[in-house]
Amino acid sequence: MQGNTRRTGVMTDVHRRFLQLLMTHGVLEECDVKRLQKHCYKVHDCNATIEKLEDFINTINSVLESLYIEIKKGVTEDDGRPIYALVNLATTSVSKMASDFAENELDLFRKALELIIDSDTGFASSTNILNLVDQLKGKKMRKKEAEHVLQKFVQNKWLIEKEGEFTLHGRAILEMDQYIRETYPDAVKVCNICRSLLIQGQSCETCGIRMHLPCVAKYFQSSSEPHCPHCNDYWPHEVPEVFDPEKERETGMSRSNKRPSRSRQH
Amino acid sequence: MSHAPKRRRCVLEEGSEAQSVLAVVEEDTSSSSTCSSSFPSSSSSSSYSLISSSPGEELNVIPGPPGPSQDPSQGPSQDPSQGPSQSPPSSSLSPTAVASPMSESGDSPSSQKEESPSTSQALPNAESLPRNVIDDRVADMVEFLLLKYRTKELTTKAEMLNVVIKDYQDHFPEIFREASECLQLAFGVDVKEVDPSDDSYALVTTLGLTCDGLMSDGETMPKNGILIVILSMIFMEGGCVSEEKVWEVLNVMGVYDGTEHFIYGEPRELITRVLVQEQYFEYRQVPNSDPARYEFLWGPRAHSEIYKMTLLEFLAKISGSDPRAFPLWYEEALRQQEERAQSGLATMDDTSAVASESSSAPSSSFCPE
Chain A
1 MQGNTRRTGV MTDVHRRFLQ LLMTHGVLEE CDVKRLQKHC YKVHDCNATI
51 EKLEDFINTI NSVLESLYIE IKKGVTEDDG RPIYALVNLA TTSVSKMASD
101 FAENELDLFR KALELIIDSD TGFASSTNIL NLVDQLKGKK MRKKEAEHVL
151 QKFVQNKWLI EKEGEFTLHG RAILEMDQYI RETYPDAVKV CNICRSLLIQ
201 GQSCETCGIR MHLPCVAKYF QSSSEPHCPH CNDYWPHEVP EVFDPEKERE
251 TGMSRSNKRP SRSRQH
Chain B
1 MSHAPKRRRC VLEEGSEAQS VLAVVEEDTS SSSTCSSSFP SSSSSSSYSL
51 ISSSPGEELN VIPGPPGPSQ DPSQGPSQDP SQGPSQSPPS SSLSPTAVAS
101 PMSESGDSPS SQKEESPSTS QALPNAESLP RNVIDDRVAD MVEFLLLKYR
151 TKELTTKAEM LNVVIKDYQD HFPEIFREAS ECLQLAFGVD VKEVDPSDDS
201 YALVTTLGLT CDGLMSDGET MPKNGILIVI LSMIFMEGGC VSEEKVWEVL
251 NVMGVYDGTE HFIYGEPREL ITRVLVQEQY FEYRQVPNSD PARYEFLWGP
301 RAHSEIYKMT LLEFLAKISG SDPRAFPLWY EEALRQQEER AQSGLATMDD
351 TSAVASESSS APSSSFCPE
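Going line by line, the protein sequences match chains A and B. If you read the first sequence in UniProt numbering, its first letter stands for residue 1, the second for the next number, and so on. If you read the second sequence in UniProt numbering, its first letter stands for residue 1, the second for the next number, and so on.
Check before you lean on any hint, since a few could be wrong.
Heads up, simulated DMTMM-like pairs for lysine to aspartate or glutamate below, C-alpha to C-alpha not over 20 Å straight-line [stated by the list, open to error]: (1) Lys189/A with Asp79/A; (2) Lys152/A with Glu266/B; (3) Lys245/B with Glu193/B; (4) Lys152/B with Asp100/A; (5) Lys148/B with Glu103/A; (6) Lys308/B with Asp290/B; (7) Lys148/B with Asp100/A; (8) Lys192/B with Asp167/B; (9) Lys152/A with Asp170/B; (10) Lys162/A with Asp118/A; (11) Lys192/B with Glu153/B; (12) Lys189/A with Asp100/A; (13) Lys42/A with Asp322/B.
Just a sample of chain A residues kept apart from chain B, beta carbon distances all over 12 Å, derived [stated by the list, open to error]: (14) Arg16; (15) Ser125; (16) Ser126; (17) Lys143; (18) Glu145.
Simulated from the structure, these hints should not be mistaken for laboratory data. For every residue, glycine included, the Cβ atom is placed at its ideal position computed from N, Cα and C.
Construct all of the structure, not just a fragment, from the sequences and the given hints.
Structure follows, in structure tokens:
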């Protein structure tokens, strides 16, 4: 973030449409955000030069500031893709989900969230979540129903499922960062490199510090023999590749085809 | 990662009142002082400030504490722990989250909290509500209304008073007005009165409906493509189209009655129930038809949201021609633009959405089958 010289442009219909659509989508990857921006320009003001994305978003954020809302940028934990979501800074509950889910469903989410935070791997098994179905507030929910609800969470990008286990989607991490830190201050894990909330990552077997996979990728990018930044012990895990949007475009991988790397090392 | 969130207040449950908002302010000033200082400058670049403040008052990005006994907002006195909810001590504003009534049922008794903190300004009265209290309410109201916009639900004044305004009933008009302005300015969303008799409102976009341009070449119609298709047909047929015709066209697109579609789901459900509920169409039985046949007509929302020009451009595109090739419809679309421009439905931007809509190229993301 530049200092006092941060330029903010004027809010126009281009920005408004962008904001409406981003809000509707919930969360978007950077490549889609750029496409969305282009689309908004095309619809409203096709002759204008497309503002740099960062400035474009800053313009919007400066107007949203007094409403305690912000377009926040994050990074997916498994493969380092940049994502954007419209986040309410003041609210620290699961309120964003409140529009789509019933009370007992929200409670199921909270239970799953707690299991995920408490777990060592950042994943909670379907079985363990479903076993908590009796403890839910609100209308009684059967396990079969709960399975459906979990799938709904996945579809709406609150959870990710891998091999029968669930972890938080990047969107949930962005939106609920504060809530999580405040509700689970002791159980919360933090990345040694970026100091942000950590759900999935790699950990040092000697001293226990943890790092996000994309942080690992960046940190050990050019070292042939990775060592723990904290205790200097040999880093035993496979170092993932740094996310490169250019490479992605070249190989023509579409979003739907790409499967996130299944590295879950601890 | 983004900068530390400027947490204005927390939703959580009981919290100590000891922590004041000032603690949050410190985080805020240290990490993002530029944000707060840029707001005044952005307000000069445009003719609005999102939440207006009376001249001479500090522009309220950082919620300064109300009342003379507090420090000025830039001078935090408490330690900025990331702790639990922080309610400003002498403000009657308690950390109320809009979310609380809607989400966690048992968790936050924050609706009761209004009574607990404070004293010096326990009861709001019409004159002495400090600026930041209003701003807080406005922010809550905006969040509430955005939620209604996303879920496409109507809301009523009673609901707003109950959920958002609570103790500040007298200030409803002011808060409502400011929130509506914010929505218009920032989101291009309008709060429209639907039924004066019960004070119900709908949240509609003022930017006109298009698809959202997130299709890649491999994808087919955008999510609201089916909507555009049907609306175009209604337009072409002069306001009313038979259900049979609609299915004919949808079949060409690969959407079949009774067959689940990978984008649209169950199509009949979508067009005869969901989109009708969202007020884009009306679906009614053709009068005196036996066996019963049905037809689609414009719904109230389509009237206010759809630019006929958009539909025309869509039609032109798929037929490989130009809007002007359909002179009658073109005229009708132009007339609608005129009317809208005059009735001020165009947004506050200099280039009215209407004008730019007609001059812009049709969105290239319409790729019909």
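Requested in this report: Assess, step by step, whether the Cα of Lys308/B is no farther than 20 Å from the Cα of Asp290/B, and give holds or violated.
Outcome: violated, 33 Å
Requested in this report: Would you check the hint for Lys148/B and Asp100/A, treating anything up to 20 Å between C-alpha atoms as holding?
Outcome: holds, 11 Å
Query raised in the report: Taken at face value, is the distance from the CA of Asp100/A to the CA of Lys189/A at most 20 Å?
Result: Violated, at about 28 Å.
Report task. With a cut-off of 20 Å on the C-alpha distance, tell me whether Lys152/A and Asp170/B pass. Result -> violated, 41 Å
Query raised in the report: Between Lys245/B and Glu193/B, is the straight-line Cα distance small enough, at 20 Å or below?
Result: Given that 20 Å is the threshold and the Cα spacing comes to 34 Å, the pair is violated.
**Report entry** Non-interface claim for Ser126/A, where every Cβ of chain B lies beyond 12 Å
**Finding:** Label holds. Min Cβ-Cβ 24 Å, cutoff 12 Å.
Query raised in the report: Are Lys148/B and Glu103/A close enough, with their CA atoms no more than 20 Å apart?
Result: Holds: Lys148/B and Glu103/A sit about 17 Å apart, inside 20 Å.
Query raised in the report: Under the criterion that the straight-line Cα-Cα distance not exceed 20 Å, is the pair Lys42/A, Asp322/B satisfied?
Result: holds, 18 Å
Query raised in the report: Are Lys152/B and Asp100/A close enough, with their CA atoms no more than 20 Å apart?
Result: Holds. Lys152/B to Asp100/A sits at ~11 Å (cutoff 20 Å).
**Report entry** Consistency of the no-contact label for Arg16/A, given chain B and a CB cut of 12 Å
**Finding:** violated, 3 Å
Requested in this report: For the pair we were handed, Lys152/A and Glu266/B, check the Cα-Cα distance against 20 Å.
Outcome: holds, 17 Å
Query raised in the report: Within 20 Å, alpha carbon to alpha carbon, are Lys162/A and Asp118/A?
Result: Within the cut-off at roughly 18 Å; holds.
Of the numbered hints stated above, those contradicted by the structure are hints 3, 6, 8, 9, 12, 14, listed in ascending order.
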